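Enquirer: Line by line, the protein sequences are chains C and A. Quick note on UniProt numbering: the first sequence kicks off at 1 and runs consecutively. Quick note on UniProt numbering: the second sequence kicks off at 1 and runs consecutively.
Simulated from the structure, these hints should not be mistaken for lab results. Quantities reported herein were computed from a predicted structural model and do not represent experimental measurements. Misleading hints may appear alongside valid ones.
The list cannot tell twin chains apart, which means a pair is met if one copy fits it or any two copies do.
To be verified - Below 16 Å or equal to it, Euclidean Cα-Cα: the simulated EDC-like pairs (lysine to aspartate or glutamate) are:
| id | residue 1 | residue 2 |
| --- | --- | --- |
| 1 | LYS204 | ASP153 |
| 2 | LYS90 | ASP153 |
| 3 | LYS61 | ASP308 |
| 4 | LYS134 | ASP179 |
| 5 | LYS290 | ASP262 |
| 6 | LYS300 | ASP62 |
| 7 | LYS92 | ASP153 |
| 8 | LYS61 | GLU307 |
Protein chains: 2
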Amino acid sequence: MHVSTPNERQRKSTVELILDTKQRLFIQFPSGASVHLRSAAFIHRIKMQSNKSDLVAPVSKDLGRALCVITGASRGFGRCLAVQIAGLLKPKSALLLVARSGDKLRELQADLTDSDAGREGLVIRCVTADLGQKEAVEETVRAAKEMCPVGIDRLILINNAASLGDVSRFARSFTDPADIDSYLSFNVSSALSLTAGMMGAFPKRPGMRRCVVNISSVCAVRPYPSWVLYCTGKAARDMMFRVLAEEEPELRVLNYSPGPLDTEMFEEAQTKTGDLAMRTSFSAMHSQGKVLTCEESGTKLMKLLLEDVFASGAHIDFYDL
Amino acid sequence: MHVSTPNERQRKSTVELILDTKQRLFIQFPSGASVHLRSAAFIHRIKMQSNKSDLVAPVSKDLGRALCVITGASRGFGRCLAVQIAGLLKPKSALLLVARSGDKLRELQADLTDSDAGREGLVIRCVTADLGQKEAVEETVRAAKEMCPVGIDRLILINNAASLGDVSRFARSFTDPADIDSYLSFNVSSALSLTAGMMGAFPKRPGMRRCVVNISSVCAVRPYPSWVLYCTGKAARDMMFRVLAEEEPELRVLNYSPGPLDTEMFEEAQTKTGDLAMRTSFSAMHSQGKVLTCEESGTKLMKLLLEDVFASGAHIDFYDL
Numbered sequence: 001m002h003v004s005t006p007n008e009r010q011r012k013s014t015v016e017l018i019l020d021t022k023q024r025l026f027i028q029f030p031s032g033a034s035v036h037l038r039s040a041a042f043i044h045r046i047k048m049q050s051n052k053s054d055l056v057a058p059v060s061k062d063l064g065r066a067l068c069v070i071t072g073a074s075r076g077f078g079r080c081l082a083v084q085i086a087g088l089l090k091p092k093s094a095l096l097l098v099a100r101s102g103d104k105l106r107e108l109q110a111d112l113t114d115s116d117a118g119r120e121g122l123v124i125r126c127v128t129a130d131l132g133q134k135e136a137v138e139e140t141v142r143a144a145k146e147m148c149p150v151g152i153d154r155l156i157l158i159n160n161a162a163s164l165g166d167v168s169r170f171a172r173s174f175t176d177p178a179d180i181d182s183y184l185s186f187n188v189s190s191a192l193s194l195t196a197g198m199m200g201a202f203p204k205r206p207g208m209r210r211c212v213v214n215i216s217s218v219c220a221v222r223p224y225p226s227w228v229l230y231c232t233g234k235a236a237r238d239m240m241f242r243v244l245a246e247e248e249p250e251l252r253v254l255n256y257s258p259g260p261l262d263t264e265m266f267e268e269a270q271t272k273t274g275d276l277a278m279r280t281s282f283s284a285m286h287s288q289g290k291v292l293t294c295e296e297s298g299t300k301l302m303k304l305l306l307e308d309v310f311a312s313g314a315h316i317d318f319y320d321l
Numbered sequence: 001m002h003v004s005t006p007n008e009r010q011r012k013s014t015v016e017l018i019l020d021t022k023q024r025l026f027i028q029f030p031s032g033a034s035v036h037l038r039s040a041a042f043i044h045r046i047k048m049q050s051n052k053s054d055l056v057a058p059v060s061k062d063l064g065r066a067l068c069v070i071t072g073a074s075r076g077f078g079r080c081l082a083v084q085i086a087g088l089l090k091p092k093s094a095l096l097l098v099a100r101s102g103d104k105l106r107e108l109q110a111d112l113t114d115s116d117a118g119r120e121g122l123v124i125r126c127v128t129a130d131l132g133q134k135e136a137v138e139e140t141v142r143a144a145k146e147m148c149p150v151g152i153d154r155l156i157l158i159n160n161a162a163s164l165g166d167v168s169r170f171a172r173s174f175t176d177p178a179d180i181d182s183y184l185s186f187n188v189s190s191a192l193s194l195t196a197g198m199m200g201a202f203p204k205r206p207g208m209r210r211c212v213v214n215i216s217s218v219c220a221v222r223p224y225p226s227w228v229l230y231c232t233g234k235a236a237r238d239m240m241f242r243v244l245a246e247e248e249p250e251l252r253v254l255n256y257s258p259g260p261l262d263t264e265m266f267e268e269a270q271t272k273t274g275d276l277a278m279r280t281s282f283s284a285m286h287s288q289g290k291v292l293t294c295e296e297s298g299t300k301l302m303k304l305l306l307e308d309v310f311a312s313g314a315h316i317d318f319y320d321l
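Go ahead and model the full structure; you've got the sequences and the hints to work with.
Expert: So, in structure tokens, the structure goes:
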């Protein structure tokens, strides 16, 4: 959801915006007809606007004694989230870092062990694995169970691992289903199967809050030329986690869209995107300083997790907050 | 998009609904802040409401001399669409029917050959294939090229083939990525690769309109418990075709959500859905006569194709019309 100033020359109609007792949002036309609005992010905005003055719940300063699992943790946004979360966990928490690149994971582990969090007793483990494989999912879940300290009060799973796909290609070039299959396997199937595995290993119990974050994108809700794999994968993931939120009312599920981040993935997008207008706009964003640091965006995600008032299953964008 | 009467006890705000010169729709708050609405279906509704009296373009009575390809044509909605489309094609058109079940396809071919359309020279061919395989996609495209009459003025591809997935299972049970992979391969990858193959074989040329229909579902935009595969696959397909619409301005792309249809798939949903409330609501829909016939829904799709005024890439639901 993007806020902007509408063009000067415009047609206006006055309508009623209605929030009913079931928290459903409607637009009502002068004729009496009404249309139900379903966009979770939009409803989130409206709620935030209307409730700002009513927000009295105290915001927690930490994420409790937690077991936290982060995929794609070796670099970029995942690495940043690992560092930020480590600083918000209470002593005797556990952090499990998962990625395909072992060397970078171990570097991060060493950095975190030397940090304040590490010195205060945060247990850190790494799993080097390609989550597209059943064995890798099983290994990750097993490692999480083995390292999980007794008496944790929170479980946080951040499904961050993702690939951009070949953005030099347009949809019309994907004649071989195998190219699409392998992309969806790594970017969609692995996130669901790891989440399912973790939920089975750590079932709901009184006194433990369970939270699953999907690192989403504006591409989950808006189509972009020459990004067919990325958009399709992100849309699929959002829906998958929305279904999960419907099925598990006790679970806290968040689709967080972090905005354009200054990472290797952005560099790849800027140099390889097939659509010229898109590529030009990436370069302009970069030169105009509109690309976010991972820390900026990560801080907003941490705030969402600490406040813990988002509607479960919502798609919330950096720019919504 | 679903229209209903909001609950009696409610909160109201008066806002401005604004359509700017770029056809973007905004809600403007009394404070001056405005929010851009992106839902294509919603915008379609608004346009239909506001333009009803202005609609003067003559609606075509036929679909021209076309090559039409329908997947999943052996039964249910796909079979119905084949019959309906056959009746709207001009003489010397061609219809290619694709499905995994050869016997039923050939029955349909025989029925259509005996119909008025068949007697007037409609060429009908069948391909028995599982579109999850590259070879099957290639075979379908080759058959389309071989049978395509000279001088067609329209190409219509209806991506209807789909499976429900195992709706007895909740998301938390999908620990094996292979189960998800195979579902996405048949329901997502195959639709893109066939569409890509067809676009390569029949590139744009003056005098030929090309149209691609994705048979979508309300599940593409709304999550339902115990339908994680179906919802995820439909959301992925919608986004895939929205990207295609962005990339190919000349192509007409439609995500049509046909409503609940009286097919074997509905029977499967009604008996096998894991979520009890969902299963009960399917039974209630059935007993209250709220399940649509394929003919009713197909007629609306034919109307959309004949009118040909939908916004390319839009998700349009049976109940929107």
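Enquirer: Could you place LYS61 and GLU307 in one of the four classes (within, between, both, neither) given a Cα distance threshold of 16 Å?
Expert: within (9 Å within a copy, 58 Å between copies)
Enquirer: When no copy is specified for LYS92 and ASP153, does a C-alpha distance of 16 Å or less occur within a copy, between copies, both, or neither?
Expert: Result: close within a single copy only, 11 Å intra versus 70 Å inter.
Enquirer: Give the relationship of LYS61 and ASP308 under a CA distance limit of 16 Å: within one copy only, between copies only, both, or neither.
Expert: Intra 11 Å, inter 56 Å, cutoff 16 Å: intra-copy only.
Enquirer: Indicate which option fits the pair LYS134, ASP179 if close means a Cα-Cα distance not exceeding 16 Å: within, between, both or neither.
Expert: Between. Shortest inter-copy distance 10 Å satisfies the 16 Å Cα cut-off; intra-copy 20 Å does not.
Enquirer: Reference check for the pair LYS290 and ASP262, CA-CA at most 16 Å: within, between, both, or neither?
Expert: within (9 Å within a copy, 51 Å between copies)
Enquirer: For the identical chains here, do LYS90 and ASP153 meet the 16 Å Cα criterion within one copy, between copies, both, or neither?
Expert: within (10 Å within a copy, 68 Å between copies)
Enquirer: For the identical chains here, do LYS204 and ASP153 meet the 16 Å Cα criterion within one copy, between copies, both, or neither?
Expert: within (11 Å within a copy, 59 Å between copies)
Enquirer: Are the CA atoms of LYS300 and ASP62 at most 16 Å apart within a copy, between copies, both, or neither?
Expert: Intra 14 Å, inter 54 Å, cutoff 16 Å: intra-copy only.
When each numbered hint is compared with the structure, no violation occurs for any of them.
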